[in-house]
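*Asks:* With chain A held as given, fit chain B onto it using these hints.
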Amino acid sequence: MKKHPLSNLDGEIQDHIGRETADNIARGMTPADARHAALRKFGNVTLAEERARAVWIPVWLDQLRQDVRYGLRTLARNPGFTTVAILTLALGIGLTTAVFSVMNAVLLRPLPYADGERLVLVRETFRGIGNASVGHFHDWTEHSTVFEHTAAGQGTTFNLAGEGDPERVRGMRVTAGYFQVAHIPPAAGRYFTPEDFEADGRVVVLSHSLWQSRFGGDQAIVGRQIRLGGESFSVIGVAPAAYALTDPARAGVVGGFSSQLWTPLIFTPKERANFGSHYLGVSAKLKPGVSLARAQEDLERVTRGIAERYPQEMESRGVLVQSLQEQLVGNVRAQLLVLAAAVGFVLLIGCVNIAGLLIARATTRRREIAIRASLGGGQSRIVRQLLTESAVLALAGGLAGIVVARLTIDFLVNSGPETVPRLREAGLQFEVLLFALAVSGLAAILFGLAPAIRAARVDLQGSLRDGGKTSLKGGGRDRVRTAMVVAEIATTVVLLIGTGLLLRSAEKLRQVPLGFNPHQVLTARLALPAARYPDDASVTEAYRRVLDPLRGTPGVGSAGASSHVPLVSASADASTIAEGKVYPPGSEPSPMIRLVTDDYFEAIGMPMASGRSLQATDVAPGARPVVVINQRLAATLWPGEQAVGKRLSTWYGRDNPEWREVIGVIRDARSSGQSTPVPMELFLPYTQAPVGAWNAFQRSMVLVVRASENWPETYVPVMRRAVRDVDASIPLYEVRTMENVFVAVTAPRRFYLRLVLMLAGTGLALAMLGIYGVIAYFVTQRTPEIGLRLAMGAARLEVVRMVIGQAIRMALIGIVIGGPAALMLTGVMSTLLYEVEPTDPMTFVAVAALLVLTTLLASLIPSAKAARVDPLVALRHE
Amino acid sequence: MSTKDRLELLQGTLDLLILRTLQLGPAHGHAIAKAIEQSSEDVLRVEQGSLYPALHRLIKRGWITFEEGASENNRKAKFYRLTAKGRKQLDVETSNWDRLAHAIGRVLRPV
Chain A
25 MKKHPLSNLD GEIQDHIGRE TADNIARGMT PADARHAALR KFGNVTLAEE RARAVWIPVW
85 LDQLRQDVRY GLRTLARNPG FTTVAILTLA LGIGLTTAVF SVMNAVLLRP LPYADGERLV
145 LVRETFRGIG NASVGHFHDW TEHSTVFEHT AAGQGTTFNL AGEGDPERVR GMRVTAGYFQ
205 VAHIPPAAGR YFTPEDFEAD GRVVVLSHSL WQSRFGGDQA IVGRQIRLGG ESFSVIGVAP
265 AAYALTDPAR AGVVGGFSSQ LWTPLIFTPK ERANFGSHYL GVSAKLKPGV SLARAQEDLE
325 RVTRGIAERY PQEMESRGVL VQSLQEQLVG NVRAQLLVLA AAVGFVLLIG CVNIAGLLIA
385 RATTRRREIA IRASLGGGQS RIVRQLLTES AVLALAGGLA GIVVARLTID FLVNSGPETV
445 PRLREAGLQF EVLLFALAVS GLAAILFGLA PAIRAARVDL QGSLRDGGKT SLKGGGRDRV
505 RTAMVVAEIA TTVVLLIGTG LLLRSAEKLR QVPLGFNPHQ VLTARLALPA ARYPDDASVT
565 EAYRRVLDPL RGTPGVGSAG ASSHVPLVSA SADASTIAEG KVYPPGSEPS PMIRLVTDDY
625 FEAIGMPMAS GRSLQATDVA PGARPVVVIN QRLAATLWPG EQAVGKRLST WYGRDNPEWR
685 EVIGVIRDAR SSGQSTPVPM ELFLPYTQAP VGAWNAFQRS MVLVVRASEN WPETYVPVMR
745 RAVRDVDASI PLYEVRTMEN VFVAVTAPRR FYLRLVLMLA GTGLALAMLG IYGVIAYFVT
805 QRTPEIGLRL AMGAARLEVV RMVIGQAIRM ALIGIVIGGP AALMLTGVMS TLLYEVEPTD
865 PMTFVAVAAL LVLTTLLASL IPSAKAARVD PLVALRHE
Chain B
693 MSTKDRLELL QGTLDLLILR TLQLGPAHGH AIAKAIEQSS EDVLRVEQGS LYPALHRLIK
753 RGWITFEEGA SENNRKAKFY RLTAKGRKQL DVETSNWDRL AHAIGRVLRP V
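Sequence order for the protein chains is A and B.
Here my numbering = 1-based position in the first sequence + 24.
Here my numbering = 1-based position in the second sequence + 692.
So that you can see chain B by itself, here it is in the shape it has in the complex:
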């Protein structure tokens, strides 16, 4: 796979992970990064810097939105949350991913 393809794959996957994380509730950038790491049991170590371009891409597509809020220690922070469109997109992407995983699984381990 070329660097470009890998990047695109990574981008698409990262987008999905972000959407999934936000499905559980609004969060700010750092929290999203931590959640992805923790729930993937640290297997997925995304360079945290690429989080922000991804977030902005998602905002532009209208799948997430943002608002000012207060964080745990009462500091001002930007919170992101899913939109209705985003929720729908998440369902679509999740089922796509499942089908893909299933298909690859069938190829790797033919029954």
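Isolated chain A, as found in the complex:
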């Protein structure tokens, strides 16, 4: 292949000169003279090379090439500075890129479903947002005009047996359109067709993870039979892995699990006419071009039609259409934005530090720059040269930053909370790398522009004469560096205030009393299959037989069970009325209903506020109907009155009340977590479950064992044995201590806080370095002046005061600028704060104090150095 004509041009020219030299020697010149004459005859070698190159390469490009080489050489000559700068940049660019990568995966990229932006959730509204009834779903599907497909689903857990231990898996029963609404081509087999719904519906679609974990990714899985809940189902397909990340079942449910399998949901004609029980999650795909507003209008029209036919049931009930993507990511958006801002600030502070270092270096490079300027560089050429140097540095920092980004992304993906959807997708995709490049460029301008312009404006004569050693007149460059540090401090103030607010908020949250005692408690869930436990009596008998041996175990303080346990996802609610009171339609309170055994409250550590707890007599057959409620429900049903002894009716509606006596009121507990308000709770003895309640709860209860001796985990085998002895085919799942649940629920919050704290710490450290740098620089520049003062009799302490005074002055100006800036910016954080105002004065004051302290620390060494100046030495160097 033909080489480029420019290859080895300098070699060719050297040959030429060599030949001419040889000729000259042949003409009788001495070797030295021969070479000298040859060089003179040739002329300017560099110029010849440049002009030859200019034939092929545009001048600007060639100059760029020169500048880059020069920049690399300069950076190599100053390894100390270069290392510090690259490390700082790597940190700033790397962290910023990592956060962007997460934002890209979670917020910016479209959903993996076909036409993901057209996917919506349709919810019923009733003093909040909730599930839909079967009747609603059918009316919406049949009468609305805006949907291409609709689907409804019910979250269920299944007992999966055969080919391994029985396992409890979460799944969904869904209508035919489910996989058409949220569509990704199947990994194997096919999805549901209408025919599957006409037969007995014993078909199932597996999730990718279940297919891998339980069936080993077997290619022949399609057509195989598996046993669900004791019945045989045929596997017709496998959903791809991407489903797990954005399962509409998870939308809006914090800590919701993604489904492991899907089976058909078939409605009887009676169910289709039921508008009263609300348990379906409805999703739909809008027709192309239909806006959310138009869909909302249309559905309101249809819902009004329903209200006309069922006025009582539909009182205060409405409909809400929500974008699926919005629901998935809406609650993490604020957190990610705050994180992005924090990282941006750290990068900014880092860049200002580097700019300061460059300005300091420019002082020592004045001679070199002056020479280049006098050789005809021209000011703009020099600025371009220096900017190119900065760009090379920024690029190097950017490349190192990509390594930092990779490590950070891996860390975030592996340790990040489960509640952030699509977090696993964060990586170094093309757009993320492009972002890293852009940030590097921005950084180059941020730290390179000002020093480049300043350096180019050089006093030629003065610089050449004294070699750039003496100090400047002080004024110009000092002001710029001071302004830079003030800007750094102001940025740090904003960063620290944001962090401080989050910290205070977390502390406030931590102090919220739970209302129950999570220590020394072991929990485990089990569910009884309908086939073997068809009636209420068999269910309660089974649970009683499981609990008996547990209560007899030494070391167990108390053992009970409940259909739902605090901090685990919410349950069914039902309207409840107090005896003798009148309720306008739609205004009945709707507390959470729980089925509990005796000894449950003791086991979970919920103290009574008044009355008594459930006892063995209350759960015996034939006992009179009783109920325990919490303080909030008591205050709602009988405000200002004593609730114990009064009667209420729940579940059945106002038309056929079944009165139960309130025997006890327990203290309010944060059953849904510390950051949500206390719900209204109603506890029914498990032997007095209303009709259909066990079905609604899927015959599932959580066993709760309080250990009076040893760690609670020691009782796991006892629990398992107790269940096995009653029914060996029922798996025990979600076995964990209450403390672990609590830790897991608060884990996302703590993780986020740790991230923000790390960033704030990094920003503060960098700012401290910046302050140190500029104060040290001042001391060096002012050494002659200090020497003079000392020689004239000033006390060393005065010198120290002068230096520290200057530092504090800078800090104060920075605080004065940063404070109001923070006031303006922290407003966006209000959704993340718990009982803390974005303008919390304590935080502002604390941050100001911290910064003053940091400034003092940073100026310790330079001021000590100033105090130790030897006047004689200082003056001699003048």
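Hints are computed from structural coordinates only; laboratory data are not their basis.
Just so you know, not all the hints are guaranteed correct.
The calculated lysine-lysine pairs, modelled on PhoX-like cross-linking and capped at a C-alpha distance of 25 Å, are [claimed, not checked]:
#1 K532/A - K726/B
#2 K752/B - K768/B
#3 K768/B - K27/A
#4 K532/A - K605/A
#5 K768/B - K65/A
#6 K752/B - K780/B
#7 K768/B - K726/B
#8 K777/B - K311/A
#9 K752/B - K777/B
#10 K726/B - K752/B
#11 K777/B - K65/A
Quick look at which bits of chain B chain A covers, simulated, 3 or more residues with Cβ under 8 Å [claimed, not checked]:
#12 745-757
#13 766-778
Glycine is no exception: its CB is placed at the ideal position from the N, C-alpha and C atoms.
*Replies:* Using the frame of chain A, we list chain B on its own:
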């Protein structure tokens, strides 16, 4: 004449001289420079440095090309030679130059 014009004239002339030199056979850079000097009886002393930009211009225009070869003392060197296009261009330029010289001559020494 401005410096630019002089430069351009020089460039154009230099190009012509190079082409003419190469018409006699391929040569490397130093040899071309020597040939120009010698055949012009040292009247034309071109700054040897400007030879190389000129050579590259000619390569870019496709009038000459280059290849690696061995020089007299068996050292590796880059040899330049005329292309067919270059040969044609040489004829054109030579006849132009002749016409120009003739015309100027007629002006200076009217017959």
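*Asks:* Let me make sure I understand: some of the numbered hints might not hold for this structure. Which ones are they, in numerical order?
*Replies:* The structure breaks hints 1, 4, 8 and 11; every other hint is satisfied.
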